[in-house]
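Novice: So the sequence lines, in the order shown, correspond to chains Z and U. Our numbering numbers the first residue of the first sequence as 1 and each following residue consecutively. Our numbering numbers the first residue of the second sequence as 1001 and each following residue consecutively.
Rather than coming from a laboratory, the hints here were simulated on the basis of the structure. None of the values given here were measured: they were computed from a predicted structure. Every residue, glycine too, gets a C-beta built ideally from N, C-alpha and C. Check the hints yourself; a few may be wrong.
Claimed, not checked - Only pairs whose alpha carbons sit at most 25 Å apart, straight line, appear in this in silico SDA-like list of lysine to any residue:
| hint | chain 1 | residue 1 | chain 2 | residue 2 |
| --- | --- | --- | --- | --- |
| 1 | U | K1131 | Z | T15 |
| 2 | U | K1131 | Z | P11 |
| 3 | U | K1131 | U | A1171 |
| 4 | Z | K27 | U | R1146 |
| 5 | U | K1131 | Z | F20 |
| 6 | Z | K27 | U | N1150 |
| 7 | U | K1131 | Z | A13 |
| 8 | Z | K27 | U | A1108 |
| 9 | U | K1131 | Z | L16 |
Claimed, not checked - Pulled a few chain Z residues facing chain U out of the computed Cβ check, cut under 10 Å:
| hint | residue |
| --- | --- |
| 10 | R17 |
| 11 | T18 |
| 12 | A24 |
| 13 | G335 |
| 14 | A339 |
| 15 | N416 |
As the list claims (entries may be wrong) - Chain Z is nowhere near these chain U residues, computed Cβ spacing over 12 Å in every case:
| hint | residue |
| --- | --- |
| 16 | R1093 |
| 17 | L1193 |
| 18 | R1219 |
| 19 | D1225 |
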Amino acid sequence: MDCRSQVGPMPLADTLRTAFGALAANKLRASLTMLGVLIGVASVIAMVSIGQGAARIVESTLEGLGTNVVFVTPGGRTPGFAQAAGGSATSLSIDDARALAQPGTIPDAVAGEPEQGGFVSAAVGGTTINVRAVGTTPAYSIVRDWPVTAGRFISESDLVAAASVAVLGADTAADLFGSIDAAIGRAVNVRVAQAAGGSIVVRLRVIGVMEARGNVGGFFNLDQLVVVPLSTSQRRMFGRDSVGAILVSAASADAMPQVRRDVETVLRRRHGIAEGEAPDFTVQTQQDLLAAASLTSDILTILLGASGGISLIVGGIGIMNIMLVSVTERTREIGLRKALGATRRDIRNQFLVEAVTLTTFGGLAGIALGLAAGLAISAATPIIAVVSPTAILIAVGISVAVGMIFGLYPASRAANLQPIAALRAE
Amino acid sequence: MVAAPRPAIVEMRGIEKTYGAERAGESVAVHALDGIDLTIHEGEYVAVLGPSGSGKSTLMNLLGCLDVADEGRYRLAGTDVAGLSDDALARIRNRFVGFVFQQWNLLARTTALANVTLPLAYRGDRDREAKARAALEAVGLGARIRHRPNQLSGGEQQRVAIARALVTEPALVLADEPTGNLDTATGEEILGLFDRLHAAGRTLVVVTHDASVAERANRRVRLRDGRIESDDGLPLPGRADAAG
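Bound-form chain Z, shown alone:
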C-alpha cells in the first residue's frame, strides 16, 4: 500500500497559525527580536530617501542654472558644485571675462558674464538678514535668462561708476521691505566681513527686484540674493579682483561643444598654457555638473543605504540567535511533532515561517518608521526626503530574505533533530 497517498505537507494555513501561536506565546521576545529588523529597515528607508532627496535638490538647482551655459571656474580639475558657487582659487580675472565676452571672440556665444560673490548681511531699519551677494555685469540677466520684475537691472554706467546700487532677489526684497514694490529706491546697508578681519558697511540703493525663481529643490533659494555691479563688489565690498565664475551662454544646445572648445582655447592662450598641459581653470557644462553631482549623490545614497544594511544584518543575526534559542527550548515539541508525522520539511517550514513572520512584521513597522523619519526630516530641514516605491519594495524583499537566510540554519537544525532524542529532552 502507498503510504504517501493520504499524507501531504502541512497546509500553509496551519503552519502560519502555528507560527503566530508560537510568537504570540512570547510577545516581548518576539517584539524585541523584530526591533532589530525594524531599525534596519527604517534606517535603509530613511537613509535612501534622504540621499535621494539631497540628490534631487542638487539636480534641480543645477537645472535652474540654464541648459545652454558654459561655466568657467578658477583652479584645475576639481569639478564640483562648490567651486561654481565661488571657490577660493584666484586664477580667473575680470580681463578673462572681458575677453570671453568680447563680441566675436567666441562666434557662437550670445553673452558672457563674470561673477564674484560671498555672503553678506543686509540691514534695513531693525531687520537684518544674511544673504548671498553677487557682483556681476549687465550680461548676468541675459546669460541666466532672468529678468527683473520691478525697476531695472544694473547697467554699463553703473559698472563704470562702481555705483552704490543693488538689485534684490524677490524674497530678499520682501524680507527687508515687506513687498517688492516698496523696495525700489530705498537704501540697504550691506555689511561685508573682510579677509583681514573686521567688516565694512556699504550703503546701496535698490534699483530693481529680480523675478521670483522659487526655492529651487527646496534647498538653494535663488530669490535670496543681492546683485551689485562687479566693480562695486571688487572695490568696495570683497576687495579682490579675481572672479569666482565666468558664465558664457551659447546660441543653442548644438553650439555648446564649439563654445566650450573656444572658451578653453581663449583662456589657454591668455594664461599661456599649451595644449596638453593642465589648465588652471575648469570649463563645465550643466551636464558635467549634473553628472558629477549625481555621482556624488549616488555614492551618498549607497553609503547611507549600506549603513542601514549593516543594521539589517545585525537584526538578522538577532533573529538567528532567538530562533536557535527557540529550537532548543522546543526540542520536545519538535520530537512530538515528528512522532506524530511531521516531516523535516514540515518542521523546517514551521521555523522558517516564524522567522519570516518576525522579519516581515519588523520590516513593515520599519517602513512606517522610516517614512515617519523621512517626513520629520523633510519638516525640519530643507531636504525633502524622497521615498520611492522601489525602496519600499526592496525593503520588504530584504526583510523576507533576512528571515529566510537567518532562519534557515535554526530551522534546519530543528528539522534534523531525531525524534527519540528530541522526545527525551527535558
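Let chain Z serve as the given structure and place chain U on it in line with the hints.
Specialist: Same frame as chain Z, but now just chain U:
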C-alpha cells in the same frame, strides 16, 4: 488492507539494535535488542514488560518507527520499514501509529481540539476538526475541547493524548507507561478506556513495568537483556504468512 480476518499488524524477524555507549570512559557496544521475533495480530492487546535495561524502550521506539533496527526485518501493517528515509518514516508513523506517552506530551497554550487535530494537519486532512471533535467525544471530553492542557487534570490530559492517538485511525496504538504519571483511580479510568478500545477491536501495545497494568492485556511479552524471555500469547494460525 489485508484480506485475512486477523491480519498481522506487527511482524518482526531477527531484530537487532546496538547502541554505542560510554562506560568508564570507554565506548562499548550495548546490545539493546538481540534477535527479536514478534508478531502481533489485529485486535490484540499486548503488554510489553521487563526491567529497565531490558530493551523495552528500544522495542517501543522500533515498533513506532521512531528508530530503525540495525538487523532484521520489520513489517508494520504490511509495509517493510527497512531502509526508509526519515521523512518516509514520519509518514508511516502518521499513518499507522498512534502514540500515547507517559508525559502526555500535549502542546501547551493549545486547546485540546488543536492538539488532537495536529496529526491530521500533518497529513493535510480537510475534515480534521470534525474528526478531532469525534475523537474527544469518544474519550469523554466532548465538553472540554476548548480547554488548554493546564486547565485539565492529569487524567483528562492523558485522555486528550489518547484521542490524539486514535484520531488518525491507526493500525497500532502504542502506549508507553500510560498510567505512570497518574494516581491509581485515574490510572484505572485510563485502563478502562483501553479495555473499551480493545473491545472495539483496536490493536494495542502497552509498554509497562507495572504488572497490574499488564494483567489487563490479553498477552504479555517479557523482555530480558534484549531478548524475549516469555510470551503467553497463543500462536495464531497464519502467523507465518506475510500480510498483504
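Novice: All the hints need checking, so say for each whether the structure fits it.
Specialist: So, going through the hints one by one against the coordinates:
{"no.": "1", "hint": "U:K1131 <-> Z:T15", "result": "holds, 20 Å"}
{"no.": "2", "hint": "U:K1131 <-> Z:P11", "result": "holds, 17 Å"}
{"no.": "3", "hint": "U:K1131 <-> U:A1171", "result": "holds, 17 Å"}
{"no.": "4", "hint": "Z:K27 <-> U:R1146", "result": "holds, 22 Å"}
{"no.": "5", "hint": "U:K1131 <-> Z:F20", "result": "holds, 24 Å"}
{"no.": "6", "hint": "Z:K27 <-> U:N1150", "result": "holds, 20 Å"}
{"no.": "7", "hint": "U:K1131 <-> Z:A13", "result": "holds, 18 Å"}
{"no.": "8", "hint": "Z:K27 <-> U:A1108", "result": "holds, 16 Å"}
{"no.": "9", "hint": "U:K1131 <-> Z:L16", "result": "holds, 21 Å"}
{"no.": "10", "hint": "R17", "result": "holds, 9 Å"}
{"no.": "11", "hint": "T18", "result": "holds, 9 Å"}
{"no.": "12", "hint": "A24", "result": "holds, 8 Å"}
{"no.": "13", "hint": "G335", "result": "holds, 8 Å"}
{"no.": "14", "hint": "A339", "result": "holds, 5 Å"}
{"no.": "15", "hint": "N416", "result": "holds, 8 Å"}
{"no.": "16", "hint": "R1093", "result": "violated, 5 Å"}
{"no.": "17", "hint": "L1193", "result": "holds, 20 Å"}
{"no.": "18", "hint": "R1219", "result": "holds, 25 Å"}
{"no.": "19", "hint": "D1225", "result": "holds, 21 Å"}
Checked against the numbered hints given earlier, this structure breaks only hint 16.
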